[in-house]
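Join the two chains, each given in its own frame, into one complex according to the hints.
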Amino acid sequence: MSNLLSQSMPALAGVGFKPQHFESIINQQTNVAWFEIHAENYMGKGGIFHHHLEQLCLNYPLSIHGVGLSLGSFDGVCDRQLADLKTLVNRYQPALVSEHLSWSRHGTYSLNDLLPMPYTQESLKVFVDNISHTQDVLGRQILIENPSSYFELNYNEFSEPEFLVSIAQLSGCGILLDVNNVYVSAMNHGFDAKEYIDAVAPVSVGEIHLAGHSVQAMHDKEIRIDDHGSKVCDAVWELYQYTLDKIGAKPTLIEWDNDVPAWQELVEQADIANSYLKKIDVALDTYE
Amino acid sequence: MNKPNLQQFQSLMEHSLLSDNVDNDCHQLMSLFAPKGELSDAQDEAKLRLAIYRNNVMHSLTTALADLYPVIKKLVGEACFKGAAIEFVRRYPPKRAALLHYGEKFSEFIGKYPPCENLPFLADIAQLEFNYNQAYHQADSDILDPQQLASVAPEQLGEVRFTCVGSLALLSSPWPIDEIWRQNQQEEQQVINLDDCQAANLAIFREGYNVQIVNLEENCFYLLQQLSLNKTIGEAWQATQEDASNAQRELDESELGAMLGYLFSLEILSAFKINA
Chain H
25 MSNLLSQSMP ALAGVGFKPQ HFESIINQQT NVAWFEIHAE NYMGKGGIFH
75 HHLEQLCLNY PLSIHGVGLS LGSFDGVCDR QLADLKTLVN RYQPALVSEH
125 LSWSRHGTYS LNDLLPMPYT QESLKVFVDN ISHTQDVLGR QILIENPSSY
175 FELNYNEFSE PEFLVSIAQL SGCGILLDVN NVYVSAMNHG FDAKEYIDAV
225 APVSVGEIHL AGHSVQAMHD KEIRIDDHGS KVCDAVWELY QYTLDKIGAK
275 PTLIEWDNDV PAWQELVEQA DIANSYLKKI DVALDTYE
Chain G
14 MNKPNLQQFQ SLMEHSLLSD NVDNDCHQLM SLFAPKGELS DAQDEAKLRL
64 AIYRNNVMHS LTTALADLYP VIKKLVGEAC FKGAAIEFVR RYPPKRAALL
114 HYGEKFSEFI GKYPPCENLP FLADIAQLEF NYNQAYHQAD SDILDPQQLA
164 SVAPEQLGEV RFTCVGSLAL LSSPWPIDEI WRQNQQEEQQ VINLDDCQAA
214 NLAIFREGYN VQIVNLEENC FYLLQQLSLN KTIGEAWQAT QEDASNAQRE
264 LDESELGAML GYLFSLEILS AFKINA
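Residue numbers (the working numbering), protein chains in the order written: chain H, 25 to 312; chain G, 14 to 289.
Since no wrong hints were added, every one of them can be taken at face value.
Going by beta-carbon spacing under 7 Å, a handful of chain G positions derived as facing chain H:
id	residue
1	K16
2	F46
3	K108
4	A110
5	A111
6	L113
7	Y149
8	Q151
9	A152
10	D153
11	Y222
Simulated from the structure, these hints should not be mistaken for laboratory data. From the three backbone atoms N, C-alpha and C, an ideal C-beta is built for every residue, glycine too.
The shape of chain G in the complex, shown without the other chains (with noise of 0.2 Å):
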């Protein structure tokens, strides 16, 4: 091959590093390195050069999903793991330098990635895996003490529109995914019985420097999802109502109270305003 300008090589080299086996373009690349030693074996010893990188390159992309996914990894195994994390790598590099952004697609790659199709729960414990991941990340954020509620007139309550811990999460599954991922934390794990278990209504979310999972009542879940929308108590509650009212599930007009006073103690809750 002739001289490459910049772009050319370095296209030829991206190419080189994520290609699956060693093709015609990585055979011009290693036409361009200098030999050294013995002309004979220029091309084995090219290609072991070329190795270095193409290892480095998928040596870090995958350990830095394994870091990230460790529950998928328990889940699936080693080998599986790492073959799926070099054909998401293959498909899917990453678009930053900071790996902790790392994986975005990697929930709905493993949900439809052949050998791990007999999992259907995977795809919602990888998007859990990325959400707990963000939260350990994501920007400190005041808490609201509820006391401060107080110097609201009783009948501009409905009107309190709130924000959310910038940590905040919010995922449903009908697979108990948080019960799955609290058993891989552990050494040994319990059988769970997917036939007879809890679907996952989860608030994912940073107090302190730790990463809490909680599995919110339902009505509780569609509460604050609404209110993550920037709806007011009013509209988040009569919205909550009538989805509680369609979903046939039984929800009390006294039971609003409770369920904020629930998520103030989740620490979930930022700041307040009225009529904004």
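So that you can see chain H by itself, here it is in the shape it has in the complex (with noise of 0.2 Å):
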């Protein structure tokens, strides 16, 4: 498919923008490079919301990142949802969109939330069938982030990234690699996080998201929770650099969404995300 893009992504640190932040954004001189809004709450048709995004837009690439699409429902992805997506879309004009490797709606309702699919073939068929549907409609293609889990299935019939990478080869989408994520699932699942990494093409990553957790106990266990509320920790920046080392520089998003810090904070972490990005000479791949 195609790739219409009308602004291209730079490989250096975005983060998601937050209203309470728009006049430290627009009164200083920023290395935040773009920024990342979530699809749903942009969906009222005006207000601050919109005057806010459109001024942003005069000056940083946009990515819009979807929350609610559910791809994984297994009665197909919603109209309304997706039509609402599209109006966002054309109107924005976004270098990036992206979904998630998740479910959240099953008929009637909305559940809020970024529910494990189960990886088997009947679910890989809906999934891929979903996104070309939904990339249809966009006229563009989009991405699919790995979801953190809290548990695994005992049905599975792949795992994980080779159900990610079978959706990327079948339905010609691309990756959000969420780096934080695929920590946070290997330590509740107990596989190896490098080897989610080995098994992604670099070429089919368009962005790379970065993001803290926290920590539960869980009987004599810990239980990680993927909750965008603190900075991100050692051991994610470690996998962090893996990560680059394998695939090349990506445009990295920084993900802050509860707890959210002063713009200050939030601008030191996409400092650090660059420092990284900046000491890989090249771009090992560029992403098509």
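So, in structure tokens, the structure goes:
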């Protein structure tokens, strides 16, 4: 599928846009190279949210990241939700559009969470069909993000990276590689995070996510929760370095959605990501 | 449980996330989790793994409701609000992924929620907050410059129809809900005497990026309601006079000009046309 980018996304650090940071962003010089928004927060028709976005888009490339399309739903994507996403994409012509390897809607209700998929032949077909339909309607390629998860099913027929790589091959979508999610799921399920990274073709990766997570006690073990509420931890920075060495420099987002910090603290996280990115000489493979 | 198909799995999981206790269906779902570590703790561990998703869903949706209904939360207190929100989420999960549309039924729900029965104005406050949120995100509208009406011949003025700004909602209540809402935007509240209070006839709309809540005089509210139904000035004024007469409200013929002038000043009218 051709990629109708009206903007190109630099292989530098961006951050998730929060309305409370708007004045700081507009009034200061920043090394933050681009912004990402959650599509569903901008599905109103007007008002200050869109005013912010219009101003932001004058100076920065944008990534629209959906959390509610539910590409894993057995009964297809919701027409209205997809139409709302298309309206937003047409309005802002973002450099990147992404969604998740998950589901959130069953029939009538939307559960506002990124729920785990069974990794089976049946769900692979559903997922690929739903992505293909979405890409046809939007007229462009989307990226699919690997989720954090807290259980695995005992009847999975694929590992998660096998499933992710297959949907990219079969649908022509790209991959949004969330390094924090790889780490969280690897720790929760006991697989090797680096093997997961190794399984992904560098050329398929269009974006990287980094975020903080929390650790909860579970009996005598620990479970890691992807809550986007703190700084990126050292182990995830280390896995990020490993990822960049494997796949080259890619646009990298700092996600911080809960207990949102002051603008300067978010910028510091982006600066760290930029310092890693700038040590990678060239992008190994241009994302196509 | 045997391997379910995708529809069965999603149905089982949806039920397991919304059910008020960990029932048989939840146990069926948990029996599908791949065991990690010691088999002896497998069941306890599965419960904790499911609980993470149950908490995430409930926490995110009740937090969204608290953000949409801050005044209701303040009026009933945090614990009561949390209980109401959990029950509401279970009964009316969101139908759309964009949560700025969530909670349309919350007004009706909170009005009948037994622990809040002694607060009869609560449903109307919730409706006000819902309208406020919708106005906040509504499409931007042009504002009609009253000078444009100068082009209309005086004898044709009665035939003029207006389009109101897209964000406008009209809400009336026997309770002083605008005053209650305003007091609860402040750190400290003054006592409002409900036995000696003004009813609310509210126009809720966005001016620029800010939502305005204006309590209109009753005749003016009625006139605006008629105009918003796409009636001509002549029809709307006649209906207003009839209603005023039926309800024994005073209304002088000469007041129309002042009322229209006031509505223009609120920037509530977006466009006009004649004879359409």
